[in-house]
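Protein chains in written order, with our numbering: chain A, 4 to 391; chain B, 4 to 391.
It should be emphasised that the hints constitute simulated quantities derived from the structure, not laboratory data. We treat Cβ as the ideally placed atom computed from N, Cα and C, and that holds for glycine. Careful, some of the hints might be misleading.
Stated by the list, open to error - Here are the simulated lysine-lysine pairs, DSSO-like style, with alpha carbons at most 27 angstroms apart: (1) B:K275 - A:K293; (2) B:K293 - A:K200; (3) A:K259 - B:K259; (4) B:K259 - B:K243; (5) A:K279 - B:K259; (6) B:K229 - A:K259; (7) B:K88 - B:K345; (8) A:K319 - A:K7; (9) A:K37 - A:K259; (10) A:K293 - B:K293; (11) A:K279 - B:K200; (12) A:K216 - B:K259; (13) A:K259 - B:K275.
As the list claims (entries may be wrong) - Here are some of the chain B residues that sit facing chain A, going by a computed Cβ distance under 8 angstroms: (14) G79; (15) G263; (16) R281; (17) L340; (18) F385.
To be verified - Taking CB as the label site, the calculated pair distances span: (19) A:E368 - B:S227: 22 to 30 angstroms; (20) A:E368 - B:P382: 29 to 37 angstroms; (21) B:Q197 - A:E368: 36 to 44 angstroms; (22) A:D367 - B:D58: 33 to 41 angstroms; (23) A:S274 - B:D355: 50 to 58 angstroms; (24) B:P382 - A:K34: 23 to 31 angstroms.
Number of protein chains: 2
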Amino acid sequence: MVKKNLVIAHGGGPTPVINASLAGVIMEAQKHTKIDKILAARGGIEGLLAGNLTDLSDMSPEDIDLLKNTPGSAIGTCRYKVTEKDYSRTTDVLQKHNIGYFFYNGGNDSMDTCHKVSLLANDIAVIGIPKTIDNDLGGTDHCPGFGSAARYAAVTALELGMDIRALPIHVCVLEIMGRNAGWLVGATALARTQGFKAPQLICFPERPFDEGKFLNDVQRLWDSQKGIVIAASEGLVDHKGNTIADSGLTDGFGHKIPGGVAQTLSNLIISKLHIKSRSEKPGLIGRASKLLVSPVDREEAFEAGKISVQQAASGKTGFMVGIKRLSNDPYRVKFELVELDKVANYEKKLPDHFINADGNNVTDEFIEYCRPLTGGDFPDYFNIDNYE
Amino acid sequence: MVKKNLVIAHGGGPTPVINASLAGVIMEAQKHTKIDKILAARGGIEGLLAGNLTDLSDMSPEDIDLLKNTPGSAIGTCRYKVTEKDYSRTTDVLQKHNIGYFFYNGGNDSMDTCHKVSLLANDIAVIGIPKTIDNDLGGTDHCPGFGSAARYAAVTALELGMDIRALPIHVCVLEIMGRNAGWLVGATALARTQGFKAPQLICFPERPFDEGKFLNDVQRLWDSQKGIVIAASEGLVDHKGNTIADSGLTDGFGHKIPGGVAQTLSNLIISKLHIKSRSEKPGLIGRASKLLVSPVDREEAFEAGKISVQQAASGKTGFMVGIKRLSNDPYRVKFELVELDKVANYEKKLPDHFINADGNNVTDEFIEYCRPLTGGDFPDYFNIDNYE
Chain A
4 MVKKNLVIAH GGGPTPVINA SLAGVIMEAQ KHTKIDKILA ARGGIEGLLA GNLTDLSDMS
64 PEDIDLLKNT PGSAIGTCRY KVTEKDYSRT TDVLQKHNIG YFFYNGGNDS MDTCHKVSLL
124 ANDIAVIGIP KTIDNDLGGT DHCPGFGSAA RYAAVTALEL GMDIRALPIH VCVLEIMGRN
184 AGWLVGATAL ARTQGFKAPQ LICFPERPFD EGKFLNDVQR LWDSQKGIVI AASEGLVDHK
244 GNTIADSGLT DGFGHKIPGG VAQTLSNLII SKLHIKSRSE KPGLIGRASK LLVSPVDREE
304 AFEAGKISVQ QAASGKTGFM VGIKRLSNDP YRVKFELVEL DKVANYEKKL PDHFINADGN
364 NVTDEFIEYC RPLTGGDFPD YFNIDNYE
Chain B
4 MVKKNLVIAH GGGPTPVINA SLAGVIMEAQ KHTKIDKILA ARGGIEGLLA GNLTDLSDMS
64 PEDIDLLKNT PGSAIGTCRY KVTEKDYSRT TDVLQKHNIG YFFYNGGNDS MDTCHKVSLL
124 ANDIAVIGIP KTIDNDLGGT DHCPGFGSAA RYAAVTALEL GMDIRALPIH VCVLEIMGRN
184 AGWLVGATAL ARTQGFKAPQ LICFPERPFD EGKFLNDVQR LWDSQKGIVI AASEGLVDHK
244 GNTIADSGLT DGFGHKIPGG VAQTLSNLII SKLHIKSRSE KPGLIGRASK LLVSPVDREE
304 AFEAGKISVQ QAASGKTGFM VGIKRLSNDP YRVKFELVEL DKVANYEKKL PDHFINADGN
364 NVTDEFIEYC RPLTGGDFPD YFNIDNYE
């Protein structure tokens, strides 16, 4: 039997569970006798091209378990897109290190790189492992990483709502990641549980920001209740597609420095409605929390890693491991292979049937879609409205 | 035996454990036969003046336990300072509701209100319960609420550092609460554990912000390592005492709208050093997290509530329950009574011996002071630098 080495690299931003997929790859690969070394590229495909590899073959079960439960990317990552000029170097490196199995864990840009590598390397099994907190990857019902970031977004909106309503002097705008897709900001709607009502308003990047309508919504809410939380996507744009958060500043090269969406909205509420307002922006913290990982998401990420190795070992190449939902209650999924060229470079936005007609809330259908991914019940809180 | 009612109110911003003190008050008061009803003012002293009271006398042990483990202020709070014009109304309300025991849970402003009530009401036992995440209250080694917010600040800096170093293209500025005191921003130094190095720089409100020195520090760090986290206090001021975060905007009444400190520093790094930078501002989220409560802090808050009732029942009045540290290892404290007029309106800054000579880090002495308050070990993370 010809033994070949395995290499795995991470692409794009880290997630709370990208290491869980890595743990799944390592644990599964250790079982396959035809896989020799288990190598990790340090710093994504750029690290691979530079030959920056670490041998993880003998990782202990304890370390694999700790890795599975660690957010961030333990082996680093990059935002580099492979282009034609890198092709010969890529094949050289793969050959030099006797690679037979190549795994790239990432989002839509990374799946493009993964697809290119699969076309270049005929004798190598190339499999993509899906990953993005933004959930904007095609070919899969949802993407590992999203469920945990959604749990963070929802629990954070809930806890912020509890804080704000205790001293209800502000409208508080909470900025949520997700780039151009509203999946994550929509997930804040799950905070409305245990009798709590925040967020009272959601702003999606799929709906052009309309200042007049927004201010009407805020004033109407303020007139009827205090302690309001607005969840706003970092990707909010106006009717022309420009960010609403222009800081007015430029960097040393003349490029615009973006401002914060939440702070922009907060300033608008202060200056136009004369209502006190503040903004919070957890930003990257929202994709790095160990304690708010969704157990469902972690296990799916781990499985996706394991299944990638199984499929590559059985000779499959040029696919991404996708997730197909079989049922919502009980929540059941199966993993399936999706051709890489069908997912590369495609950005899956939040569809219309998940946003209400008014454009400021999700639909019940979205709640049903999202809830199981966040891993079941949130922590319990005392709510005096439920008392007696 | 003359039975009298008890009333408790919360003042100032909520903390993750202010409800734990409330739970301690309720649990203890239920044991005292001379205490009749246990009343909570809804919305702080303002709620009390408006006669907005809720009867919590019969709260079940299960609800008390849930309350003890719930961040935010379950009974609301306010920022209202009692002045002479409220005196007669205050005594009227206390008399009307047959109050014999008055508890105010808050920071230095609230202790001022508590002191005034103690002078007004001769036949009422008035006790202050300390509370502030800022830790700027005098008369006590530390203040309930601080340990949990410190745990949040440290774990968040740790997790943010893990995320940032995986894709080390930015300097990331993390904004930390604490108003004019550097206790909380200093606590981020506890993140340097398990082989992790963030935050690499700390900016204290006790040290006037010096742009040149700051930029030198950042450039020097960037030249030697990537993936840098800077922890910056929300209260940073320049040599004249003015906030460094002026948004340049005014509200409808001509008052300045403050900008964000972290975003201001981030913009500075981009425009002056041409290094990519971003900022995160968890803000109120940092005082509202259930999962990052310090168990030590929660128990101390609970004890402070219980002891307040014991002291009031034994006839003490005009005091705050303070905490005196007996030893660090093992960590031991005792509770003691501090005269209210000695703590009212005083703001305890981070002392010089807790800040290093360069003004950009804490001292080991601060780490020893702070660590036990955060409740012991943080979650475990896999760090590839420790692997092999």
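Do the hints match the structure? See the list:
Of the supplied pair hints, the one linking B:K275 and A:K293 is violated, its CA atoms being roughly 35 angstroms apart against a limit of 27 angstroms. Taking the CA atoms of B:K293 and A:K200, the gap is about 18 angstroms. The hint holds against a cut of 27 angstroms. Between the alpha carbons of A:K259 and B:K259 the distance comes to roughly 24 angstroms, so the proposed pair stays at or under 27 angstroms and holds. For the hint linking B:K259 to B:K243, the alpha-carbon distance of about 17 angstroms falls within 27 angstroms, and the restraint holds.
For the suggested pair A:K279 and B:K259, the alpha carbons sit about 12 angstroms apart, so the restraint of at most 27 angstroms is met. Only pairs whose Cα atoms come within 27 angstroms are accepted, and B:K229 paired with A:K259 is accepted, the gap being roughly 23 angstroms. At roughly 23 angstroms between alpha-carbon atoms, B:K88 and B:K345 fall within 27 angstroms of each other, so this suggested pair holds. Between A:K319 and A:K7 the alpha-carbon distance is near 15 angstroms, which keeps this suggested pair within the 27 angstroms criterion.
Under the criterion of a C-alpha separation no larger than 27 angstroms, the hint pairing A:K37 with A:K259 is inconsistent with the structure, at around 52 angstroms. Under the criterion of a C-alpha separation no larger than 27 angstroms, the hint pairing A:K293 with B:K293 is consistent with the structure, at around 14 angstroms. As the CA atoms of A:K279 and B:K200 are separated by approximately 38 angstroms, the hinted pair breaks the 27 angstroms bound. With a C-alpha separation of about 25 angstroms, the suggested pair A:K216 and B:K259 falls inside the 27 angstroms cut-off, and the hint holds.
With a C-alpha separation of about 14 angstroms, the suggested pair A:K259 and B:K275 falls inside the 27 angstroms cut-off, and the hint holds. Evaluation of the B:G79 hint against chain A yields a held restraint, the C-beta minimum of about 5 angstroms falling below 8 angstroms. Checking B:G263 against chain A: minimum C-beta separation of about 6 angstroms stays under 8 angstroms; hint holds. Interface hint at B:R281: satisfied, since its Cβ lies 7 angstroms from the closest Cβ of chain A, which is below the 8 angstroms cut-off.
Interface hint at B:L340: violated, since its Cβ lies 28 angstroms from the closest Cβ of chain A, which is beyond the 8 angstroms cut-off. Among the interface hints, the one on B:F385 holds; its C-beta lies about 4 angstroms from the nearest C-beta in chain A, closer than the 8 angstroms criterion. For the pair A:E368 and B:S227, the beta carbons lie near 52 angstroms from each other, so the given range of 22 to 30 angstroms is not met. Range check, A:E368 to B:P382: Cβ separation about 35 angstroms, and the 29 to 37 angstroms hint holds.
For the hinted restraint 36 to 44 angstroms between B:Q197 and A:E368, the CB-CB distance of approximately 42 angstroms keeps it satisfied. Between A:D367 and B:D58 the CB atoms are about 37 angstroms apart, so this pair conforms to the stated range of 33 to 41 angstroms. The beta-carbon spacing between A:S274 and B:D355, approximately 40 angstroms, falls outside the hinted interval of 50 to 58 angstroms. Judged by the Cβ atoms, the range 23 to 31 angstroms given for B:P382 and A:K34 holds: they are separated by roughly 29 angstroms.
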